[in-house]
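Build the complex from these two chains, which are given one at a time in their own frames, with help from the hints.
Note that the protein sequences, when read in sequence, are chains A and B.
Position in the first sequence (from 1) plus 140 gives the number in my numbering.
Position in the second sequence (from 1) plus 6 gives the number in my numbering.
If you want a taste of the chain A side facing chain B, the calculated C-beta under 7 Å gives, among others:
hint, residue
1, Leu199
2, Ile200
3, Arg222
4, Tyr226
5, Tyr232
6, Pro234
7, Phe236
8, Phe245
9, Gln248
10, Tyr250
Here are the computed lysine to aspartate or glutamate pairs in the EDC-like style, where the Cα-Cα straight-line distance is at most 16 Å:
hint, chain 1, residue 1, chain 2, residue 2
11, B, Lys32, A, Glu235
12, B, Lys31, A, Glu235
13, B, Lys102, A, Glu229
14, B, Lys102, A, Glu235
These are calculated hints, taken from the structure and not from any lab test.
It should be emphasised that the depicted structure is a prediction, and the values quoted were computed from it without experimental measurement.
Ideal Cβ placement from N, Cα and C applies to all residues, glycine included.
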Amino acid sequence: MAAVIETDKLTKIYEGALKGQDVTALKSLDLEVREGEILAYLGPNGSGKTTTIKLILGLIFPTSGSLKIMGRKDIGANFIKRNIGYLPEGAYYPEFLRGEEVLRFYGQLYGLAGRDLKRRVGDVLELVGMSRARNRMVRGYSKGMRQRIGLAQALVSDPKILILDEPTTGLDPIARKEIRDILVRLRNEGKTLLISSHELLEVELISDRVGILYDGELKTLGALSDLLTDRDITVVVAGLTAQARERLESGGVEVEEAIGEHTTLRVPSNRNVYEVIDLCKAANASMVSVRPRRETLEELFVRVVGDAGDQAAEKQKETAK
Amino acid sequence: MTNVLSFFRGPWTIAMYTWREGMRKKILIAFLILSLLVIFGSNFITAFLFETGSQSGTDVDTKLIKDICVTAISLFGVLITIFISASVVPNEVDNKVAYTILSKPVRRYQYLLGKFIGVQLIVLLNLALMGALFFVALYIKEEVMPSLLLMSLLLTYFMFLIVSAFTFAISCTASSAVLPTIAGLFIYITGNLTEYLKDVYERAGQTTQLLDALIGKTALYLWHLLPNLKAFNMRNEIVYAQPGDFMQIERIMMLVSYSVIFAIAGFILAYWIFRRREL
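Chain B extracted, bound-state conformation (with noise of 0.2 Å):
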C-alpha cells in the first residue's frame, strides 16, 4: 500500500501543478468565458428570435437553447482540451521546469502520467462549468434536469479524452504547441468522419475491381483502428428528447470502454515517444 501510495505521490504532485498553472492559461480563461457567455446568451438570442407565450414557440426555444449549448460545449470544450493537451509538455521542456522535475526522483511515465491527469482535470472542470451553465440555462424554460443531459456530458469528456490522449502523444514529439495543436484538430476532424469509411468499405465490395477491393480493405483497417468520435455525438437525442427520457446504460459502458482503450493507447504512444526524448 505505501509503494502504491509513494508512486502516485509524484504524479498527483505533478498533475496539482498542472492543474494550478492550466486554470491559469490566458487563452483557456477567454475560451471558457466566450463558451459562458454563447451559453447563458442562448436564452437571450431564442427571446429575440421568437414571440414567447405560446406552447410552440416553447418548444423551439428549448430546442433552440439545447442546439446552441451542446454546439459551443463541442466547440469551446474540444479547443480548451486540444490546447491544454498540446501545450503542457513541450511548454515544461521550453521553460525548462521538466528539467528541473526529471532531475528529480520522478520517472518519464511518472512524469507524463502526471501531466495527463492535470490535463484531465483542467478539461472536467471546464466541462463541469459550461455543463452547469448549461443546465441553469434549460432550467429557466423548462424547470426540469434532464438526465439525458447529464449523460451526453459525460459522453463528450469520454470523447474529449480521445482526442487529448493522441494530442498529448503528440505532443511528447513537439518542441512548441503549434504542431500538437494542428494534430489535435486533425485527429477531432478524422474522428468524426470515420463513419464514413464504413460507407466506403461497404462500396467498394460492390465492384470486383482489385483497386476498389484494396481500397475497401484499407478503409475498413482504418474503420477499425481509428476512434470513431461521433458515436459519443448526442445532440440529436438532446434537441429531440423530451423530460424524463434517458439513454441504456449499457451503451454508455460500452462508448466509456471504448474511450478509456483508446486514452490508454494513446498514453502508452506518449510514454514509448517521451522515454527515449532527448530533453
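Chain A with its partners taken away, still in its complex shape (with noise of 0.2 Å):
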C-alpha cells in the first residue's frame, strides 16, 4: 500500500522565551500512513501526538525535518487540505447554529454550493447518523452528538485521509460502539484513518497498526498482530488446595484471581503448561479452562512506554554523573 502521509527526520522544537526554555516536541520523526488503514497514534499527554497533527495540518511549522502528503511537500496547498477531514479533540461548534447550518458553513469552506451542498450534508449526517437531529441547535445537542456532529464536519467534503483527535473520549459505550463502526465502514470504503487516542480498547478493535510516541519519539510502529505477542497461557481450575496454590507460586505461577471455587492462574511462556495441568490434577483440583493468552494493547502500551521511561531515567542519572 502507498503511504499517504509520510514524514523523514520531522523535528519540532517549540522555542521558549528564554535561553535554555525550548521544548523539543518531536525528535526525528519517521512515520508512514498507509493509504486505506487505519493508523492508532498512542502515547501519554505530551508526548508529541497533537504537534504531529498540527504539522501535517500545517498548523505549525516543524523545526527541520520533511512532510511529503499525498506525495506533495507543500502542505498548506489548497489541493491537499481538500483531501483531509480533522476532527480535533473537544472542538466547539457554534450554539447558535443547527446542526446541518454547522455542516453547510464547513461545506462551503470547501467551495461546494447549492445541490452539491445540500446533497453532501445530507450524506454525511446520515452517516453519522445525525438525520434526524439536523435542525435541531448545536446547544441541545449531548456530548455524542457534538461529537458526531464534529465527525461530519471532518467528512463533507469526502476527503481521503481522516486525522481524528480523540474521536471516542467522553462518549457513553453504546455511542463508542457506534462511531467505531462508522471508522471502519469509512475505512472499508478506502479512507485513510490516523487516529490519536488515549482509549486503548477502542482503538485495538479497529486499528490495523499502532505508533507509540513517548517523549517526541516513536517507540514503536507495525502491525497488531505482530506487536502484540502471545506469550502465557491462562488456565482456570476449580477447587484448588491452598497447599498446591502455593506450590505453583513458588514456580513461577501466578495467580491472577480467585473468585469463589474458581482460581485464575497465569502460566508464564518459560513453564510448561502440562506440568501445571498435572500438579492441579494432582492436587485433585478440576480444570475449567486452558486459553492461550495474548497481550493486549494496553499491555503493550504500558511496556512500551514503562520502558521507555526506564530508559529516559538511566540516561538522566549518566548525565548526572
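In C-alpha cells form, the structure reads like this:
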C-alpha cells in the first residue's frame, strides 16, 4: 500500500522566551501512514501526538525534517487540504447554529454550494446518524451528538484522509460502538484514518497498525498482529487447595484471581503448561479452561512506555554523573 | 470572474459566520442597549433639565441631545469596536474553531479577511442602530433630518475602522482578548492626542537646543506615522450646526481615504503577524 502521509526526520522544537527554555516536542519522527489503513497514534500526554497532527495540518511549522502528504510537500496547498478531514479534540461548534447549518458552513469553505452542498450535507448527516437531529440547535446536543457533528464536518468534503483526535473520548458505550462502526465503514470504503487516542480498548478493536510515541520519539510502529504477542497461558481451575496454590506460585505461576471455587492462573511462556495441569490434577482440582493469553494493546502500551521511561531515567542518571 | 468569486467565497462565509456569532455576544448587546438607552433617554433628560416652550430653551435642548448622542455613539461605538476586534481571532484559536477552519482549503489571509469583514459588519450594524435612534431622538425635537449628522456617522465609522484594524492586528499575536483590548483603548486615546505632537514639534523648533530638536523631529515623525483620530471628530460642528448645514465632500473623501490607507496597513500587519503564527 502506498504511503499517504510520510514524515522524514520530522523535528519540532518550541522556542522558549529565554535561552534554555526550548521544548523538543518531536524528535526525528519517521512515520508512514498507508493508504486505506487505520493507524492508531498513541502516547502519554505531552508525547507529541497533537504536535504531529498540527504539523500535518500546517497549523504549526517544522523545525527540521520534512513531511509529504499524498506525495506532495506543499502542506498548506488547497489540493492537500481538500483531501484531509480533521476532527480536533473537544472542538467547539457554534451553539446558535443548527446541526445542518454547521455542516453547511464547513461545506462552503470547501467551495461546495447549491445542490452539491445540500446532497453532501444530507449524506454525512445520514452517515453519522444525525439526520433526525439536523434541525436542532447545537446547544441542545448531547456530547455524543456534538462528536458526531464534528465527525460529519470532517467528512463533508468526502476527504481521502481523516485525522481524528480523541474521537470517542467522553462518549457512552453505545455511542462509542456507533462511532467505531462508522470508522470501520470509512476504512472499508478506502479512506485512510490516523487516530490519536487514549482509549486503548477502542483503538485495539479497529486499528490495523499502531504507533506509540514517548517524549517526542516513535518507540514502536507496526501491525497489531505483529506487536501483540501470544506469550502466556491462562488456566482456570476449580477446587485448588492452598497447598497446591503455594507450590504453583513458588514455581513462577501467578494467581490472577480467586473467586469462589475458581482460581485463575497465569502460566508464563517459559513454564510447561502440562506440568501445571498435572500438578492441579494431582491436587484433586478440576480443570475449567486452558487458553492462550494474548497481550492486550494496553499491556503493550504500558510495556513500551514503561521501558522508554526507564531508559530515559537511566540516561538522566548517567548525565548527572 | 469565477476565480474571483471562489477567492471571496471562503472569506465571505467566514464573515457571515463571524457576524452572526458576534451579534450574539452578551457584552456587545449590553453596550448596545446602554447606548440606545442613553440616546433615547437624552430627550427625557432635557425635559427634566429645562423649561420647555421658549425658543432659547428648545435650542439648548437640541444642543444637549446632540451632545449626549454624539458622545454616547463615540463611547459605546468604540467600546464595541475594540471589544469585537480584540476577541474574534483569540477566541477562535482558544476554542479550536480556527483549527477546523484552517484545516479546510482556506488560506490564512482569507481567514483573516473573513474575520475582519465580519467585525466591520458588526460595527456597522451597531453604528446604524445607534445612529437611527439618534435621528429619531433629534427628529422628535427638530422635525428635520440633518445631512451633517449622516456624514458625521460615516466619519465615525471610518475612525472606528482605523482603531479596529490595529486592534485586530494586535489580537493576531495574542492568546486572549485582554491584551488587544487594552491596546485598542491605547490606540484610541493616542490617536486622539496626535495633534499635540505637532505642537511639540512647533515648540521644539523655537529653541536651538539639540535635545529639543531631537524631540521635535521624533514628534514630527510620530505625527506623520500615527493616525490622527481627532480629524474625524465632528462633535462641535454637529452640536452647533443649523438644519441644512453640510460638510465639504472633499474633506469627507480625504478622511475616508486616510482611514482606508490606515486600515489596509493594519490588515497587512495582521497578516504579517498571523501568517507564521503557530496555532
